[in-house]
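**Student:** Each residue of the sequence shown is one higher than the last, beginning at 11 in the working numbering.
I should point out that these hints are in silico values taken from the structure, not numbers from a laboratory. It cannot be assumed that every hint is accurate.
Straight-line Cα separation of at most 20 Å, DMTMM-like style, residue types lysine to aspartate or glutamate; simulated pairs [stated by the list, open to error]:
1) Lys175 to Glu141
2) Lys147 to Glu106
3) Lys147 to Glu226
4) Lys455 to Asp535
5) Lys579 to Glu432
6) Lys411 to Glu370
7) Lys232 to Glu169
8) Lys987 to Glu931
9) Lys777 to Asp762
10) Lys63 to Glu114
11) Lys135 to Glu161
12) Lys892 to Asp929
13) Lys987 to Glu1071
14) Lys460 to Glu407
15) Lys1196 to Asp1232
16) Lys904 to Glu944
17) Lys1112 to Glu1071
18) Lys1114 to Glu1153
19) Lys385 to Glu432
20) Lys1196 to Glu1153
The structure presented is a predicted model; accordingly, all values stated were derived computationally and were not measured.
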Amino acid sequence: MDSQSSCLSFFTTNHRRHHTKWVFAGSGHFPQVCLACLTETIEDKQALNTRKKKSLAEILRLLSREASAVQILRENIRVASHLSEILFSLVQSENEGLAQLAIETTAQLTHKMQVEETARGILVKIEQSVENSKNTKTSYPLLLLLGKLLELIPPLSGEIVEREKLWHYCLQNGSFPVEDVRTALLYIYLGICKQGEIFASIRACDRELMLVNTCEVLRDSKALHQQINALAVLRFYCTEKSTLLSITDSNHPSLLSEALKKVILHSNEGIQVGGIQCLQTILATHSSKELLLSSFLANGLVEFLFEALDSKSDTVIGSVFCCLSELCQSQAFYESNYSVYGLTSLIHALNKSIQLKNPETIRQGLHVLGLIVTKQPGSVPLFTNGTIFEQCLVVVEESFKAMEYKVLHEAAHLLKTLLRIEHVPQSVPLSRVTCLLLAVASVLKRFSAKSIAFFKSMKSDLAQDLLCVLLKALRRGLNFAEEHSARGPSREEALLAAISTPSSSKEDKEASSHELKVLLSRVIDEVVIPAVMVNFEVVTSPDVFKTFFKILTNVLSDKHSVMQRFAQKLADASFVRLCMSLNGRFCRGNSNADLFKVLVMFLKYFTRSLSEDSNEATSDLFYERLSTLPSCGDEVVIYLSQCSSSQDASTIADKNLMTVQCVCIDLLKLSLLHGDPLLPEKAMLSALDTFITLHRNLSLLPRPILKNLLWLFARCSFLHKARPSLTTSETILESYVLALKKDEFLNIYSHDEFFLKWVFSIDNLGKAFGQCALELWIAREVSSQTKIEIDWGFMRSSRVAFTCLLAVLFSSDSETSCMIVHIVHLALRHGSDLPGAYVSEMNECFRKLFLSYHGQSMPDHLLVATLEILSLTSTGINPDVKLLHHVMNIVTDKREKPPEISLKGVNYFNLLLLQTVGDTEVAAILLNSKRLMEWLQQGLTCLTSLNITSCSHSQIKLMATLILLVKNLVTSQCLSKITTNQRLTLNKENFIEMINTGKSFLLKVACILLWESLFRAQEKVTCVAFGEDDGEPMACQPIISFSDQDRRLIFVYLQNGIAHESEAVQLAAVSCMEAMTSRVSNPTPFVNNQWNGLLLDSLLFKVKTEKLTATFLRFCAYLLHVGDENTFRNKTLQFAVALIVREIPCVTSSDPYFAPCVALIRDICTKAMLSVAQIPPLLTWLQCVKPLASVSKPEIVRLENVVLELSKSCVLEDGLLDQVIDTLAANLTQSNIEQ
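Generate coordinates for the entire structure from the input sequences, incorporating the hints supplied.
**Tutor:** Structure representation (structure tokens):
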């Protein structure tokens, strides 16, 4: 060594003799150390322990970090063995620190040398030392060294076990009261346990003794390091089935439980978690865990677990949840009432987990609570009061706010189990349950927002599981609502019943249950159905659809008001087709039998909900026996194309096939009825035709199915219009129906327009059952209070149907008869065009009906409608004098009656008078009826005294009809020259004022028409006279006379009428002007009145912006016809004539102002106001329209149901066209000659 080396104080005096290979870099204050010197130092008995400790630390460092030092020792075995002996001698040193370093260094040296002899030699020495040791406490360093060696050299475990004395020593002293010794022995146990094969080779009794020693340490020791080692050993025993069971059955039945109790409530969280996880492993891995569970439960281990839930550590709470999830599956758990005892702790722990926001812990807690609620016996109440249950509901509600799939899944599952009627205390308000179900709905909305195929945070199969369990929770809610309504009163309610209304509590309960049902129905409609339908194509789990259709079935099977409306919505949404599609998708080849049963049950209640019949037992039987179901429309055709009856058609040969065929017919009807036919009408009709042809004996079919078959056949045959090709099948149906009795026909009758048409389309059926079918159809419409409409086009083509309709009038009850009258009334009012024979027959029928009631005994509303129908059907029919007298009696009857009756009666008089112009019979009867004339006089007197502005619309219409009746009587007397002693007195001044001041245009028209008739008749009238309202005219005065002042005033009012907005008032005013001026000697002052020019300007402006009007044409014609030279020179009139001439060729013979155009051309020709160039277009136009034009009579119209006759100026007179054509042609010829 050099001089520098000799200066280091850590070298021994013998250092110069050592080779340099033993020198290595030192640590701290010793730059270099010599391994040989270090060995000599620790061997020197005179050296201080401090120096020895430092030397040992340096040797340990070299062995751990210097590979070259280890290599030199391997090359010098003798030196290494010597060092090992020195180190072993120091292991049992009284200096604890020195001994610890010696143990560490010895273990490290033995491990690094990798020489079996060295390791085995150490074991021999340890064995000999402990064997010879008289004090177990002194063996602690040796046992600790043994543990260190096992940690570094695991294969030594086998050597230890094989050395019986050493192994026996380790086992027997496992319960030695000295902590260090027990710690070292547990260290050894741990090393052996880590070697699985060696551990498994140990005798069972030895393994059991090791476990006993370990559990005793856990139970009794307070030293943390001992408990850590013991817990580490126990973890290896958790999967040892036989040892755990043997210790449970041995003399230590509660030892394991006591040890676990100690660690479960340990103050150190690590040990606490470790102990709980050991228990979890024991419970999770043992197939025969029932014996262990019984032991744990018998020793009260569960109570400690519930106590541990008071921890604030999320890890501890989660670990306890995992243990409880295994323990609560044992029946003994509930027999010992642990479920009730620990429920509050469990709920509080769940609340803490929700606050800590660890999804996995929340999921585990919800899972445990769900298991407890599910397995709790119904005889033992789990929730002893409503407060605990509401706390549980709060936990579930908060869980639904999570975004994690697992939490939502467990929350929904827990809610489903909670909503069992035996769990819910009666003190809990139903609103709390409602909140939870709405929370489920809010989660379901996520599925309706988008398809699960686009969920990023959840795989498709997990999303389907969540959807399924959410649906199950809602279904449980539906069942709970039903159970809640049928629930008996609680004890408190029973005690309070004596002092309160007995039924109030029950009614409240039923009302709240009904509200919950309605709410859930709305949730199903608005949330559940969209959620499933959005994911219909991507859902592959049949359980989702099974639960979904169970929910729908629950709603349909409930007898509440929304059921039928809900079924209607499902039908409109194609749920028949949906069921068939799912059957083909999941239930082929008898797979998913549960889903098939659910689909069939749904169809059963679905068809029942939409059926017209209340008793559907036969139809239900078919669904219960159904073994297969078509998956599409094509399969329906295939089933219906097969024969299920015997060859002679007397019996059913294949009942299964017949069942399927009946269901197919049922489904075809449902789909067609609700706008989603499974087949096109043509294909459906073809399938029905084939089925009927194959099954000629229709009596084999059940009544509901036969009814549906007839309905389908009738509707399809009319919709497709293919009746001629259905001779065979229709003949079979006709023969079958004709053989029925009336009560049997009632059973196959369908309330449908097409079925009704089908009955009447076959004369024999119409004659046999037409009247019955009509009675049923109308009676159903009456009961449903719907608007009835009859296809008059069909009635027109079927005389049998029309005859039956009228026959029902006399065979039905009064309400049905009233409805028929109402139907016909509406049809006629809306202009239904019936053949003349039908109108005549209808008039005759209603005349008989009217006379059979003797008029006055008929109900008022029926009387009004009948009078209206008689008026509408009287055209072209000779008046019935007897009927006329009955109507007169009704009208003049002094009893109080609605104004509509008098209105309809007077309308009838007016209509007869207008239709029988020139015939004296009707007019003579009316004019000579003292009773009628007195009644009419009373009406006219009241009319002049009434305030028009305060009258109702019905009263105004009645006033108008009275005035029109006077007008028609005047006209009839004038034309027929009828003599009468009866006379009406009119207040001239009042009636003149009514032309101008009447607020109703109808009243204006009536008054103007009355004045027109008076002007035209004048001296020929004796039935009307001017005077006071209740007085007689002076005998020396004319009965009808006008002063010049009267005429001027009336003319001004008529000018105002021409400016009125109503065209009816305008035409009546022009016509009255013509009548008045025709009766004066000098009409010029009237024609050349300056206001006429202003009126013409106003009418001309409208024509320029719109089109020709009858008023404009008639007013121009009036001016031309009556005017003089000054009139013709008026530029406005000339411009108007030029405009009319230019526009007339555009008028057709069907236009309402065609006749005024022709009359105007005549007047223009007469006044020579046409130029030569204007004649050819007019002549051409007249020649073109002549073949299409026809002579017309004054048209009887109805203004607001008031009968009146249009002005005669709007009528094309006979020969007028030829006269105008001849005049134009002559003028054109004369012009050509002159040129």
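**Student:** Against each hint, give a clear statement of whether it holds in the structure.
**Tutor:** Now the hints, each set against the structure:
no.	hint	in the structure
1	Lys175 to Glu141	8 Å, holds
2	Lys147 to Glu106	13 Å, holds
3	Lys147 to Glu226	19 Å, holds
4	Lys455 to Asp535	12 Å, holds
5	Lys579 to Glu432	35 Å, violated
6	Lys411 to Glu370	15 Å, holds
7	Lys232 to Glu169	32 Å, violated
8	Lys987 to Glu931	12 Å, holds
9	Lys777 to Asp762	19 Å, holds
10	Lys63 to Glu114	12 Å, holds
11	Lys135 to Glu161	18 Å, holds
12	Lys892 to Asp929	17 Å, holds
13	Lys987 to Glu1071	37 Å, violated
14	Lys460 to Glu407	24 Å, violated
15	Lys1196 to Asp1232	13 Å, holds
16	Lys904 to Glu944	12 Å, holds
17	Lys1112 to Glu1071	12 Å, holds
18	Lys1114 to Glu1153	11 Å, holds
19	Lys385 to Glu432	12 Å, holds
20	Lys1196 to Glu1153	18 Å, holds
Going down the numbered hints, you'll see the structure goes against 5, 7, 13, 14, while the others check out.
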